[in-house]
Each structure stands twice: as C-alpha cells, then as structure tokens.
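**Q** Sequence:
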Amino acid sequence: MAAGAQSLGAPRDLAADAAQAARRGQPLVLLFSLPGCGYCDVVRRNYLAPLTRDGAEARRPVVREVGLAGTASFTGFDRQAASGAQLAARYQVRIAPTVLMLDVHGALLAPPLVGGDVSGMYGAYLDDALAQAQRKIASP
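Residue numbering for the sequence shown follows this note's numbering, starting at 4 and increasing by one per position.
Think of the hints as simulated: they come from the structure by calculation, not from any bench. We put the beta carbon where it would ideally sit given N, CA and C, even for glycine. Worth double-checking, as some hints may not be accurate.
Claimed, not checked - If you anchor each label on the Cβ, the simulated ranges turn out as follows:
(1) 76 to 127: 31 to 37 Å
(2) 60 to 122: 28 to 34 Å
(3) 121 to 23: 30 to 36 Å
Construct the complete structure from the given sequences, taking the supplied hints into account.
**A** Here it is in structure tokens:
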C-alpha cells in the first residue's frame, strides 16, 4: 500500500465478517491487492474506502483487503486457517486489483471486478455489482 493510502481492514475471520455484512443486508466486499499496485491504491482510496465510512454504519457493506499472494493466516469461511494466496486460488483471482462481492457462505453475488479504473467507469461498475449483490441478498 502506498504511503498515505487509506487502509481497509485485513481479514481475521471471514465467516464473522460475512455474517456481519448479511445482518446489514450487504455483501462482504473483498479487495485482492498487491504491494506497490497503483491501480489497487486508486480502487482502495477512491471507491472502497468511502463505502466504509459513508452512510449509516448499519447499512454499510463490510470491506476487507486481502493480499493476492499473502501468506498471513486468517479464519476462512469454513472456519479453517486460510491465506490470501489460498483464497485467491479458490476464486481464481490472478490480477490485482480484483473486487469480489460475497454472501455469508462465500458464494459470489456478482461478477468479479477485475482491474483498475482505466476508463473512468469504475464507480458505475462497482455500484452495479453492489446493487446486484444487495438484490440477491434481499431475495430469499
């Protein structure tokens, strides 16, 4: 992460994070990033960090940042130890940044957002993915 860049929470327990998001009617949003990735910094700072602070907390998605090649251990959806690299392999994430919208079980709620904001449309793509995820959560 670049100096001065907004930090997103690192995962500790994805099952708990996803459950918290579900209680809010929101997805768990995961950003897969790499150190020194300028596109990751832009997505983090301009698009995901505002999700963590705008609006009422009870209606915000839970956003976590995972190192694409990370080896730090956290608790996965299955309550087993996992790492960023293992999680990336599970979701076939190979490019940073990649943003996933997940339900309480770790299932994808919208197509992954792969790559950075090169066309100036990233905000619209993120809004569409978030709305799609919210609709799926709201429909039983």
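**Q** Hints first: check each against the structure and report whether it holds.
**A** Results for each hint:
no.: 1; hint: 76 to 127: 31 to 37 Å; verdict: 36 Å, holds
no.: 2; hint: 60 to 122: 28 to 34 Å; verdict: 31 Å, holds
no.: 3; hint: 121 to 23: 30 to 36 Å; verdict: 32 Å, holds
Of the hints listed earlier, there is not a single one the structure fails to meet.
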